[in-house]
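Participant: Here's the letter readout for the chains.
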Amino acid sequence: MKYDETEIKVRFNEVDSWGIVWHGHYIAWFEVGRMALLKKFHLLPQDFTQMGYIAPVVDLKCFFKEPARMEEEILIRTSVLKPTKAALTFRFQILRKKDGKLLASGEETQVLLTLDGRMLYIIPQDLRERLQPLFNYLEEPDSAA
Amino acid sequence: MADDLVGELKKLIIETLKLEEITPEDIEDDGHLFGDGLGLDSIDALELVVALEKGYGVVIPDSEVGERVFRSVITLAQFVREKSTTK
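In order, the protein sequences belong to chains L and U.
Take the first sequence: its position 58, counting from 1, is numbered 58 in this note's numbering, and each next residue is one higher.
Take the second sequence: its position 39, counting from 1, is numbered 39 in this note's numbering, and each next residue is one higher.
Just so you know, not all the hints are guaranteed correct.
Quick list of the computed label-pair ranges, beta carbon to beta carbon [claimed, not checked]:
#1 L:Asn13 to U:Glu53: 42 to 50 Å
#2 U:Thr85 to L:Phe135: 50 to 58 Å
#3 U:Ile74 to L:Ile123: 34 to 42 Å
#4 L:Gln132 to U:Ile43: 37 to 45 Å
#5 L:Glu7 to U:Ile43: 29 to 37 Å
#6 U:Lys18 to L:Gln50: 14 to 22 Å
Source of the hints: derived by calculation from the structure; they are not laboratory data.
Backbone N, C-alpha and C fix where the C-beta goes; we use that ideal spot for every residue, glycine too.
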């Protein structure tokens with residue numbers, strides 16, 4: 001899988017009373033990865049809004065393999081599938097940097113709405129053109145940030 | 001001919017959305033496809049849009065058109081008949 005990579009460190013407030021990262025925080029980590037990738041291509045939420053769109057999440061999956069613990073360095077790998085319909089699907093992997101162990105994986109799908117709430121069934125040409133550099137980047141052989 | 005298209009569209013819906021428990025006979029011609037009818041959702045609409053463009057050359061650009069077209073299999077068939085660029 002071609003991906004973009006971001007690094008974080010587990011914070012005290014992310015750990016639950018069992019000493020492991022609370023499951024909900026992994027979703028926030030997905031967002032860290034997604035925003036880091038999209039920022040490179042000026043496709044942050046405010047960029048979408050400027051074009052006249054919003055992209056709400058409609059589907060979210062997370063599979064938990066191994067727990068993360070406080071102070072561990074974590075790698076967030078983010079990729080996006082080339083769309084076959086008017087939706088953007090991001091895939092994520094969360095790994096422990098020390099040993100490369102896969103801790104969690106997941107997927108998130110966003111649909112496209114106009115600012116007045118109309119759902120788009122076709123990706124508009126202007127958005128296609130803005131997304132193409134992102135897909136080109138992820139097709140490069142050496143795609144790590 | 002009209003019944004053939006309705007039947008075809010029911011099969012297309014079932015195959016595209018992988019509705020394994022549903023047969024064409026289970027889908028009422030004028031029953032709602034979304035919400036309290038067949039229970040399809042907005043992601044299903046996106047899949048159907050792609051399949052309809054591939055199969056019949058019709059373009060459904062957004063939910064405003066979709067709301068009217070996807071009301072039932074009959075309204076969908078009417079739309080396909082009006083707009084189809086294939087045979």
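Participant: Determine for every hint whether it applies to the structure shown.
Facilitator: Hints versus structure:
1. L:Asn13 to U:Glu53: 42 to 50 Å: holds (48 Å)
2. U:Thr85 to L:Phe135: 50 to 58 Å: Roughly 28 Å apart at Cβ, these two residues miss the hinted range, so it is violated.
3. U:Ile74 to L:Ile123: 34 to 42 Å: Given range 34 to 42 Å: violated, Cβ gap about 29 Å.
4. L:Gln132 to U:Ile43: 37 to 45 Å: violated (23 Å)
5. L:Glu7 to U:Ile43: 29 to 37 Å: holds (32 Å)
6. U:Lys18 to L:Gln50: 14 to 22 Å: violated (37 Å)
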